[in-house]
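**Student:** If you want the building blocks of each chain, they are given just below.
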Amino acid sequence: MVHELVMPQLGMTMTEGTVLRWLKAVGESVEKGEPIVEVQTDKVDMEVESPFTGYLTAILVQEGATVPVATRIGCLSTTPDADCASLAPDGPSAVDDVSVQQTDAAADRLVSTDNGATTSEAKASDNTGRVLVSPRARRVAHEFRVDLTLVTGSGEFGRIREVDVRRYLEDCATPAAQTPPEPARDNIRKVIADRLTHSVTTVPQFWLDREVDATGLVALRTKLLNAVAASRSVRLTYTDFLIKALALALREMPAMAKRWDGDRLVAADTDGIGFAAQGPDRLLVPVVHGADALSLAALAATRAGLVDKVQSGRLGPADMEGAVCTLSNLGAFGVDAFQAIINPPQSCILAVGRIADRAVVHEGSLVIRPTMRLVLTVDHRVVDGVGGAQFLSCIANYLENPETLLV
Amino acid sequence: MAAASRQIQYVEAGVEALREEMRLDSSVFYIGQGIGARGGNYKQSKGLWDEFGELRVRDTPISELGQTGLGVGAAMAGMRPIVDIVFLDMVMEAMGQIVEQAATIHYTSNGRLRVPLVIRAAMGTVRCTGPHHSRCFYSWFAHIPGLKVVLPASVEDVKGLMKTAIRDDGPVMFIEHKFFYNKRGYCPEGDYAIPFGQARICREGKSVTILAMSLMVWHAMEAAEVLAKDGIDVEVIDPRTIVPFDEETLLNSVKKTGRLLIVDEAQRFCGFSGEAAALVTEKAFDYLDAPVRRLGAIHTPHPFNPILEAEMLPSAEKIVAAVRALMAA
Numbered sequence: 013m014v015h016e017l018v019m020p021q022l023g024m025t026m027t028e029g030t031v032l033r034w035l036k037a038v039g040e041s042v043e044k045g046e047p048i049v050e051v052q053t054d055k056v057d058m059e060v061e062s063p064f065t066g067y068l069t070a071i072l073v074q075e076g077a078t079v080p081v082a083t084r085i086g087c088l089s090t091t092p093d094a095d096c097a098s099l100a101p102d103g104p105s106a107v108d109d110v111s112v113q114q115t116d117a118a119a120d121r122l123v124s125t126d127n128g129a130t131t132s133e134a135k136a137s138d139n140t141g142r143v144l145v146s147p148r149a150r151r152v153a154h155e156f157r158v159d160l161t162l163v164t165g166s167g168e169f170g171r172i173r174e175v176d177v178r179r180y181l182e183d184c185a186t187p188a189a190q191t192p193p194e195p196a197r198d199n200i201r202k203v204i205a206d207r208l209t210h211s212v213t214t215v216p217q218f219w220l221d222r223e224v225d226a227t228g229l230v231a232l233r234t235k236l237l238n239a240v241a242a243s244r245s246v247r248l249t250y251t252d253f254l255i256k257a258l259a260l261a262l263r264e265m266p267a268m269a270k271r272w273d274g275d276r277l278v279a280a281d282t283d284g285i286g287f288a289a290q291g292p293d294r295l296l297v298p299v300v301h302g303a304d305a306l307s308l309a310a311l312a313a314t315r316a317g318l319v320d321k322v323q324s325g326r327l328g329p330a331d332m333e334g335a336v337c338t339l340s341n342l343g344a345f346g347v348d349a350f351q352a353i354i355n356p357p358q359s360c361i362l363a364v365g366r367i368a369d370r371a372v373v374h375e376g377s378l379v380i381r382p383t384m385r386l387v388l389t390v391d392h393r394v395v396d397g398v399g400g401a402q403f404l405s406c407i408a409n410y411l412e413n414p415e416t417l418l419v
Numbered sequence: 063m064a065a066a067s068r069q070i071q072y073v074e075a076g077v078e079a080l081r082e083e084m085r086l087d088s089s090v091f092y093i094g095q096g097i098g099a100r101g102g103n104y105k106q107s108k109g110l111w112d113e114f115g116e117l118r119v120r121d122t123p124i125s126e127l128g129q130t131g132l133g134v135g136a137a138m139a140g141m142r143p144i145v146d147i148v149f150l151d152m153v154m155e156a157m158g159q160i161v162e163q164a165a166t167i168h169y170t171s172n173g174r175l176r177v178p179l180v181i182r183a184a185m186g187t188v189r190c191t192g193p194h195h196s197r198c199f200y201s202w203f204a205h206i207p208g209l210k211v212v213l214p215a216s217v218e219d220v221k222g223l224m225k226t227a228i229r230d231d232g233p234v235m236f237i238e239h240k241f242f243y244n245k246r247g248y249c250p251e252g253d254y255a256i257p258f259g260q261a262r263i264c265r266e267g268k269s270v271t272i273l274a275m276s277l278m279v280w281h282a283m284e285a286a287e288v289l290a291k292d293g294i295d296v297e298v299i300d301p302r303t304i305v306p307f308d309e310e311t312l313l314n315s316v317k318k319t320g321r322l323l324i325v326d327e328a329q330r331f332c333g334f335s336g337e338a339a340a341l342v343t344e345k346a347f348d349y350l351d352a353p354v355r356r357l358g359a360i361h362t363p364h365p366f367n368p369i370l371e372a373e374m375l376p377s378a379e380k381i382v383a384a385v386r387a388l389m390a391a
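Here the protein sequences come in this chain order: P and U. Here the first sequence stands for residues 13 to 419, numbered as in the numbering used here. Here the second sequence stands for residues 63 to 391, numbered as in the numbering used here.
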């Protein structure tokens, strides 16, 4: 009984995924629910569990390749030797690719020799067809995206050790290699590039700039630090106030929580506020839901939990869904103000700069006050200038009178 | 400078520690068979009876059970006894007192009573000590919660570890190796205590890690010299204490080299080497380039015949062969 393994859809907006690493080799047994392959989608890496108990009998998509969701990437069977031929064709190329790939790999194994022991001899001693690889070698192979079926093992029983993988890499790098290896595709940057290019080229965006007096905000935050720490063991940040202000402003002006759906305005069916957070190697936008009803302490705790997930690489697709607008705060990096790019299909994005003491006019005199510059980017298809200005004004009022956020 | 090159015998370093601690703390006393005026079978208490007298350095009758029980009771009452069993094999008579009493009283008294007792004994073979005077079953004590297990393998270590053992507030199995006693080595002057749970990297290397216990440390170092000539760079680790065990040093080493050989004079089957191998497989799996291998004694009682004894036990030559096999694995 043969089953197919397909590229799963791991998030609502996912259209394609990249095979990162096969966790099982052809011929290995696998249990239902056991992780079988690691895939990357929309900047997140996830383990895919096997839908069946049996044997992985074919790998159709190699590590590093990107395929559309629902593409067949492998075959599972109740016996170790059944091939995919009995499955309905996924497309004429899929089955052909299997046989071609297996023949190529077998040919490579017979051709390459090492230290007098031909690999066909070494492989013969492991009659399940498994490639023996030490854990260390497997790790190095993954790091450098080496196809282990092309590596000759010099260990006992033909085991591939680290030195064998490194020798293979050296051979690839020598001029004798036919083609220089391509730089590894960076799928994360591609997703970002595609999305932002789409935004800038298809969404008519305008910007509204407002300087907010942050005196009250700074004072209230200082005042509440201990209470929040005692209540939730987290540190209250300006981001928490900003998210709350955005959420309340959106509730007051539902016109902002819409999106342009090609030819008409559609109301958003979620209420998430996304906020940009820096992970170990990528920028991610986790989403807080129901922020208008959360207390500042609860909001801070939720935000801290999401940031923790981002920094430890555990943020999943579900954590990034359902945002109506985004907050981006570069204040920590000394930026006074900037214009952010909208994240479609959201209608706006709020860019926030640093709180700094600035010279302002207050009741006719020049005074020094802490201020913060907000720049709101708005999708002109959803909201006009006045609407955008009113929204920004609403946010600014909350921030200049921060006690109103606690009501 | 004389201090930097001060070479004394392993047994003298132990006595030095005992003497210094007994001077510092009057609750420390020493009992065992033949350790009084005679100074001990291996001279392991030489001079102590002369200095401290009958009250604090006392010969016991031939009853390991009695002397250990005495030690447990005295420790519970606030003293710091050292009970010398001399030959580790003879501790069997005292196992009940060690396991059921010394190791357990702190727990069963809900923390109210402590047993700051040192049980000192020598393990291992040295030229045909035979089946009743050669055993190395230190792993049994490691398996009992409440006991610490110390295996000093150098002159410098035996003094520093003995001090820590005496100052420790719980029962400590202080297990030396007979072979070491009359060997010379560098020993610092003055008071220094080596903390438990800190392994010693005797030799740094990149190709393979050897974890060796007690006398096997010396054989491993000898093997490392031979292997170095063939470009095999061996890292040798002496754990010094089995309980507490320094996991971090071992794991960091295996992560660096990818290969581990564990060498123990004790029988390989169900010995401590199995525990170390499981630990590494569990916590450094992705760094292993070859299976973890263990060298230990063949599973038989110790023969009296020297040829059979050599066949039974690990040696520098056997370590060299095992490392070569591991490099090819």
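I should point out that these hints are in silico values taken from the structure, not numbers from a laboratory. Hints may be right or wrong, so weigh each one.
[To be verified] Below, a list of computed lysine-lysine pairs in the DSSO-like style, where the Cα atoms sit at most 30 Å apart:
1) U/Lys245 to U/Lys225
2) U/Lys345 to U/Lys245
3) U/Lys345 to P/Lys36
4) P/Lys44 to U/Lys345
5) U/Lys317 to P/Lys321
6) U/Lys380 to P/Lys321
7) U/Lys318 to U/Lys380
8) U/Lys380 to U/Lys268
**Student:** So, for every hint listed, does it hold in this structure?
**Tutor:** How the hints compare with the structure:
| no. | hint | in the structure |
| --- | --- | --- |
| 1 | U/Lys245 to U/Lys225 | holds, 20 Å |
| 2 | U/Lys345 to U/Lys245 | violated, 37 Å |
| 3 | U/Lys345 to P/Lys36 | holds, 21 Å |
| 4 | P/Lys44 to U/Lys345 | holds, 26 Å |
| 5 | U/Lys317 to P/Lys321 | holds, 27 Å |
| 6 | U/Lys380 to P/Lys321 | violated, 50 Å |
| 7 | U/Lys318 to U/Lys380 | holds, 24 Å |
| 8 | U/Lys380 to U/Lys268 | holds, 20 Å |
When each numbered hint is compared with the structure, violations occur for hints 2, 6.
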